[in-house]
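Engineer: Sequence:
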Amino acid sequence: MMTKGLKLIKLLFSLSIFVCAFFAVLELTYFLSFSFPKQGLTIKGDPWLQTARVLFENMILLSLFIIQHSAMATEKFKNLIINLGLKDMNRSIYVSATVAVLLLITRYWQTTIHVVLWDLDLNYKPLFFIYISIHATAWTIIYVANVCTDFPELLGLKQVYYSLRNLPDPIQRKSYKLQRLLSHMRHPSFLGFLLVFWFFPLMTLDRLLLAIILTLYMYIAWNTDNEDYHYQKDMYERKYHELQRLNSPDGRKIL
Numbered sequence: 012m013m014t015k016g017l018k019l020i021k022l023l024f025s026l027s028i029f030v031c032a033f034f035a036v037l038e039l040t041y042f043l044s045f046s047f048p049k050q051g052l053t054i055k056g057d058p059w060l061q062t063a064r065v066l067f068e069n070m071i072l073l074s075l076f077i078i079q080h081s082a083m084a085t086e087k088f089k090n091l092i093i094n095l096g097l098k099d100m101n102r103s104i105y106v107s108a109t110v111a112v113l114l115l116i117t118r119y120w121q122t123t124i125h126v127v128l129w130d131l132d133l134n135y136k137p138l139f140f141i142y143i144s145i146h147a148t149a150w151t152i153i154y155v156a157n158v159c160t161d162f163p164e165l166l167g168l169k170q171v172y173y174s175l176r177n178l179p180d181p182i183q184r185k186s187y188k189l190q191r192l193l194s195h196m197r198h199p200s201f202l203g204f205l206l207v208f209w210f211f212p213l214m215t216l217d218r219l220l221l222a223i224i225l226t227l228y229m230y231i232a233w234n235t236d237n238e239d240y241h242y243q244k245d246m247y248e249r250k251y252h253e254l255q256r257l258n259s260p261d262g263r264k265i266l
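Just add 11 to wherever you are in the sequence shown, counting from 1, and you've got the numbering used here.
Heads up, a few of these hints could be off.
Stated by the list, open to error - Estimated spans, in silico, between C-beta atoms of each pair:
{"#": "1", "residue 1": "111", "residue 2": "257", "range": "25 to 31 Å"}
{"#": "2", "residue 1": "191", "residue 2": "91", "range": "19 to 25 Å"}
{"#": "3", "residue 1": "64", "residue 2": "37", "range": "27 to 33 Å"}
As the list claims (entries may be wrong) - Quick list of in silico lysine-lysine cross-link-like pairs, DSS-like style, CA-CA up to 27 Å:
{"#": "4", "residue 1": "21", "residue 2": "98"}
{"#": "5", "residue 1": "188", "residue 2": "136"}
{"#": "6", "residue 1": "98", "residue 2": "15"}
{"#": "7", "residue 1": "188", "residue 2": "250"}
{"#": "8", "residue 1": "136", "residue 2": "21"}
{"#": "9", "residue 1": "98", "residue 2": "18"}
{"#": "10", "residue 1": "136", "residue 2": "15"}
{"#": "11", "residue 1": "244", "residue 2": "136"}
{"#": "12", "residue 1": "136", "residue 2": "87"}
{"#": "13", "residue 1": "136", "residue 2": "89"}
{"#": "14", "residue 1": "136", "residue 2": "185"}
{"#": "15", "residue 1": "185", "residue 2": "18"}
{"#": "16", "residue 1": "87", "residue 2": "188"}
{"#": "17", "residue 1": "185", "residue 2": "250"}
Everything labelled a hint here was simulated from the structure, so no lab data went into it. For every residue, glycine included, the Cβ atom is placed at its ideal position computed from N, Cα and C.
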């Protein structure tokens, strides 16, 4: 009875985190692409001191994200979870912490308008459509790429489900080369996030801090190599030829 109760708790927890992750991603999308500083804000006291305070507090939030994202991905933390008998919950626990930190960032991030590097007028319609198109494209790349990389496994739901069915860890069903790629880059997309971070109409110091820190973190943390590149290239070419065969009248490969 106790075992069944524990399994139910694990399943409900992973399901709730799966749903919360979608909410957090929507919050992050709004925060990064559509949350603009309010016009006409006044700064009380010394503007440079206020700016320094805001940047310091924002840096604490970014540090929380980096520490959580890095520390909980180490083998030492994973072994701790295994020793607690929660191996199948490892990914769900990781995602739950990520969701919590992302919500902290989106809720408590502060804007400073004392220094503005550039301010693009989105009332100019061509510029507005360019901005919307670039961000829509970037988020589409991010969403589609993550869906294609097996997002139930990425968010930890599949691990718990497989465990309840007495099946091996779903990551073991993936090829060695794919496992190797995922160990170097757990989720895409570098280009999509770069566009979102840097192509922003109002570049304040806090936005610049966010763009610099997260870009550097991605560059350091996503350590893909030449072998990973060739694996992705081979997979792309294989899918391309498969689609060619499907679209050809006689089902044969088109050269």
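Engineer: Holds or violated: residue 21 with residue 98, Cα cutoff 27 Å?
Structural biologist: This hinted pair holds, its Cα atoms lying about 11 Å apart.
Engineer: Is the straight-line distance between the alpha-carbon of residue 136 and that of residue 21 27 Å or less?
Structural biologist: violated, 50 Å
Engineer: Below or equal to 27 Å on CA atoms is what counts here, so check residue 136 against residue 15.
Structural biologist: With a Cα-Cα distance of about 58 Å, the restraint between residue 136 and residue 15 is violated, given a limit of 27 Å.
Engineer: Taken at face value, is the distance from the CA of residue 185 to the CA of residue 136 at most 27 Å?
Structural biologist: At roughly 46 Å apart (the allowed maximum being 27 Å), residue 185 and residue 136 break the hint.
Engineer: Given the hint that residue 244 pairs with residue 136, test it: the Cα-Cα distance must not exceed 27 Å.
Structural biologist: violated, 38 Å
Engineer: Mind checking the alpha carbons of residue 188 and residue 136 for me, to see if they're no more than 27 Å apart?
Structural biologist: violated, 46 Å
Engineer: Quickly compare the C-alpha distance for residue 98 and residue 18 to 27 Å and report which way the hint goes.
Structural biologist: Measuring from Cα to Cα gives roughly 13 Å; hence the hint holds.
Engineer: Hinted pair, alpha-carbon criterion (27 Å max): residue 185, residue 18. Please report holds or violated.
Structural biologist: Holds, at about 25 Å.
Engineer: Verify the proposed pairing of residue 98 with residue 15, using a straight-line Cα cut of 27 Å.
Structural biologist: Given pair residue 98, residue 15 holds - Cα atoms ~17 Å apart, limit 27 Å.
Engineer: Does 19 to 25 Å hold as the CB distance between residue 191 and residue 91, or does it fail?
Structural biologist: About 24 Å separates the Cβ atoms of residue 191 and residue 91, which means 19 to 25 Å holds.
Engineer: Holds or violated: residue 136 and residue 89, Cα atoms, limit 27 Å.
Structural biologist: violated, 50 Å
Engineer: Is residue 185 within 27 Å of residue 250, Cα to Cα?
Structural biologist: Roughly 17 Å between the alpha carbons, so the hint for residue 185 and residue 250 holds.
Checked against the numbered hints given earlier, the structure breaks hints 1, 5, 8, 10, 11, 12, 13 and 14 and satisfies all the rest.
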